[in-house]
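Trainee: Listed below are the residues making up each chain.
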Amino acid sequence: MNKSTAFAIIAFSFMSFFLYQGLYNDPKKVESPLIGKEFPKFKLNDLFINTAHDNNIFQNKKTIINVWASWCLECEREHSHLIALSKDKNFDLIGINYKDNTDDAKGWLNMRGNPYRIIVADLSGDLSLDLGVYGVPETYIIDENQVILYKHIGPINNRIIQQEMMPLLGNIE
Amino acid sequence: MKKIFIIIIFLLSTNSYSEDIEKQYKSLIEELRCMVCQNQNLAESEAPLAVDMKQKIKEMLESGKNKEQIKNFLSERYSSYILYEPPINNQNIILWFGPLIFIIILSYILFRRYIK
Amino acid sequence: MIIEIGYIGYFLLLLGLMNCLLLLTPKFVTGLNVSSNILLSASKLHFPILLISFICLIATFVGEDYSLDYVAKNSNSNLPLMYKISAAWAGHEGSMLLWCVVSSFWMFLASIFSGNLHKSLRINFLATMGILNLAFLLFVVATSNPFDRTMTVPIDGGDLNPLLQDFGLIVHPPMLYMGYVGLSVVFSFAIACCFESDFKKEWAQWIRPWILASWSFLTLGIALGSWWAYYELGWGGWWFWDPVENASFMPWLMSTALLHSVIATSEKGMFKSWTILLSIFTFSLSLLGTFLVRSGILISVHSFASDPTRGIFILFMLFALIGGGLIIYTMNSKKFIDDNEVTLFSKEGFFLLNNILLVTATFTILLGTMYPLFLDVLGLEKISVGVPYYNAVFIPLMIPLMLLVGYIPILLSRASKNAQLTQLGVILILSIILSLTFSVSSILFFIGIFSATWIIVNILYDVILSLDNRIKLKNRIGMYFAHFGLAIFILGASVSENNKIEKELVLNVGETKTIGLFDYKLEKLRELKSVNYDAIIASVLVSKNNQFITEINPEKRLYHSSESPMTEAGIHGRIERDLYVSLGNMVDDNKWSLRIYDKPFIRFIWIGTIFMVIGSIFSIRFKKKSL
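Protein sequences appear in the order of chains A, B and C. The working numbering applies: residue 1 is where the first sequence begins, and numbers increase by one. The working numbering applies: residue 1 is where the second sequence begins, and numbers increase by one. The working numbering applies: residue 1 is where the third sequence begins, and numbers increase by one.
Isolated chain A (complex conformation) (with noise of 0.2 Å):
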């Protein structure tokens, strides 16, 4: 066997390894840049009451940061997970509700129960962009420190509340 016998067959399965790990890449994860950055600075108005919140908000305490909408079905489906996670006390539960009608979220909320302890209006859709949110529903987790940690497309479930996200949120009782 020859030097360029030799190169090909290497430089060939080499090729062919970046294609068979890429394989099992999904192509569609993309992951996002604010991780391990601040969250972004808001003034929004409280959903319920004529108040103008800002990142004071925040308790010194890991906090979950959930995207809704009452337009939206998948927010639906994660709802129940939310009520359950509300109860526990060792952190925060904040709500973003994106681009909605008011009066439309808060009928919503009514039917469905309310687990957010503050659910600021992003009417605009500016705090979402300043997320780098894609759509609805999206969760986050951000640290005493208001540092991002996590952050999930689309709807939560058992899975990942318990591989995911608890794992970041320290222990729980």
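Just so you know, the hints here were simulated from the structure itself, not pulled from any lab data. Cβ coordinates follow ideal geometry from the N, Cα and C atoms, glycine included. Check the hints yourself; a few may be wrong.
[What the hints assert, rightly or not] Straight line, CA to CA, 20 Å or less: simulated EDC-like cross-link-like pairs of lysine to aspartate or glutamate:
1. B/Lys26 <-> C/Glu504
2. B/Lys58 <-> A/Asp88
3. C/Lys529 <-> C/Glu504
[Claimed, not checked] Per label pair, the in silico range of CB-to-CB distance:
4. A/Lys29 <-> C/Gly115: 51 to 57 Å
5. C/Thr437 <-> B/Lys23: 22 to 28 Å
6. A/Ser13 <-> B/Lys65: 27 to 33 Å
7. A/Asp104 <-> C/Leu163: 32 to 38 Å
[Unchecked claim] The following residues of chain A were derived to be distant from chain C, with all beta-carbon distances above 12 Å:
8. Leu19
9. Ser86
10. Lys106
11. Glu144
12. Ile160
13. Ile161
14. Met165
Place chains B and C on chain A using the hints.
Mentor: Frame of chain A, contents of chains B and C only:
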């Protein structure tokens, strides 16, 4: 007289100003990826996220931001994946210089083999 | 009766597999005469076996046999008959079977027309084709069987994707496959040549029409795809550097290089080992393209449904076939000693430059297509590589190539140095003057126009000088047409991109707005209920200087089987410009948004490709030489 002159200049420049913005807008939305589509740019997409982004881009252009600033703004939030033109950095150096290196190597091999 | 056809089709696939194994027996059995007859018969038999199987598949579509999973997914009782038939190759499994049928057809032709080849060459040639056919068929039977049954038989099918219910898309895949798979003939021939002690220039002559034929089909297939995207997708675009488009463009570029290199090999016995290597790589890119498109590894508007198992199978096939081919090549390449040496300033020297530029272009597109994947696998930041990158790296490579293309007639004239310089000067000035008749607004635009006029003026000059020399004209007519087609293409691309007008506007019914030279009036809208879709059709009246030009009818269609509406653009197409109207959304009662595109010279793009193919056919016709 001077006032009229100034107003005319202003009107003329706003016209070309908005034309300029129009051109920048068009070229930007063709260079940015629709993040929820199967490989389409913002111009071709009617997805809600794309519509929102296009609106935001228009606002940013009108408030005086340039293309670079807008691209930076979006890639900070959505990652470089949103840019159809890959940034020139250390990670992408092979991408941008690869063709040049390739043609040099190929020319060398073929010339040496075949040209007397 | 219908249920049996599905079983017959499947049975024939298994028969085909056995036939391929039979074909390969000469390699393992001594007694050349008997076994080579088996090989020859099997290589011809494969085509009718697979063709009948494919006809069975079509029959199951026409007969609405939804017990077959593939039929249930891609057809519907309301589908017009024409589309029921074409649905047979609309999805992955059926199109893979079509690939196998086309492959068996090429092997059939190769078997019939190789009678005059050196015996050992012929056997290795057909045996290699046999291995390829076996691999493709194995892939279908093992992972992509169109005759698979469903668990429960649905009452009606899922319907053919509305985008595919279109004539262009009926013809596009078969054309493309004829091209891709034709290249497998060239590949097999190259491999077979590696086992001989030399690469005779007569063999290069023999394979040359096969290269040209494959190239022609590939050109037509790609042109059809581009044409389809233009009128169907509603945005007036004709090339997007989408990964799947790139997957077809790379073999095209390489086979363009190959068809030039083989001229030198067939006429003067030059570039022997390079031509063989190119032959192997060109088909390898076809295979790579298949892999990329069907494995789910890349995102594209064009991807088939993905499945990692299939991906692994194709990857293994890629590895074995290409790797094997490369190993065979590298082990034997030293044997190929050229009959003559090459000087740079000659026809062959220009071919070498042509090859360098085209192969670099291919590499560049490969790099751009695969780079995000490499980064992703390495765990680095995911990036996108799109139009801005490809335009930035591809166009600069093409510019010197266009200059070479134009210069060729002067080079071939073999006139004295001074005569060549005068000729060069005259044509250069003529081209620049002609270019300036277009109002040139940018350097890039000027380069585009100049390249086109440079090529055309050179050709015309040469034709005029050679009018009395029939033999010379006959020898060159293929080249004239092909290069002329290239120039027309460049003209179309340059002018339509530079002078296009694209505007989005909102019109009330009855309102008129002016865009460019034309006035557009939204006259009325009407509804239409067709067999498998409902549509809203707009009537847009176009006039110029108060003179009525035409009525354009863009549509918005909602197919019964789909959730999202589809747009059918209305196009008024003339050679000198297309007026293209796309219906947007209803903004308000009787108020609609429309997209209007004014695209001058855009038809030149596809007309150019037709000239290229005509040129290729002339070359096949007039360059045929018997061994």
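Trainee: All hints are to be evaluated individually against the structure, with a verdict given for each.
Mentor: Hint-by-hint comparison with the structure:
Only pairs whose Cα atoms come within 20 Å are accepted, and lysine 26 of chain B paired with glutamate 504 of chain C is accepted, the gap being roughly 11 Å. A hinted pair counts as satisfied when its Cα atoms are at most 20 Å apart, and lysine 58 of chain B with aspartate 88 of chain A does not qualify at roughly 43 Å. With a C-alpha separation of about 27 Å, the suggested pairing of lysine 529 of chain C with glutamate 504 of chain C is violated against the 20 Å cut-off. At about 55 Å, the CB distance of lysine 29 of chain A to glycine 115 of chain C agrees with the hint of 51 to 57 Å.
Here the CB-CB span from threonine 437 of chain C to lysine 23 of chain B is close to 26 Å, well matched to the stated 22 to 28 Å. Between serine 13 of chain A and lysine 65 of chain B the beta carbon distance is about 48 Å. The supplied range of 27 to 33 Å is therefore violated. Hint check: aspartate 104 of chain A to leucine 163 of chain C, Cβ distance near 35 Å, so the stated range 32 to 38 Å holds. Listed as a non-interface residue, leucine 19 of chain A fails to keep its Cβ farther than 12 Å from every Cβ of chain C; the least gap is roughly 5 Å.
Distance check for serine 86 of chain A against chain C: the nearest CB is about 34 Å away, which clears 12 Å, and the non-interface claim stands. Its beta-carbon lying about 29 Å from the closest one in chain C, lysine 106 of chain A satisfies the requirement of being farther than 12 Å from that chain. Distance check on glutamate 144 of chain A: its Cβ is at least 27 Å (rounded) from any Cβ of chain C, clearing the 12 Å threshold; non-interface status holds. Chain C leaves isoleucine 160 of chain A outside its interface by the beta-carbon criterion, the shortest separation being 21 Å against a cut-off of 12 Å.
For isoleucine 161 of chain A, the condition that its CB be more than 12 Å from all CB atoms of chain C holds, with the nearest at approximately 26 Å. Distance to chain C confirms methionine 165 of chain A as a non-interface residue, since its nearest Cβ pair spans about 22 Å, more than 12 Å.
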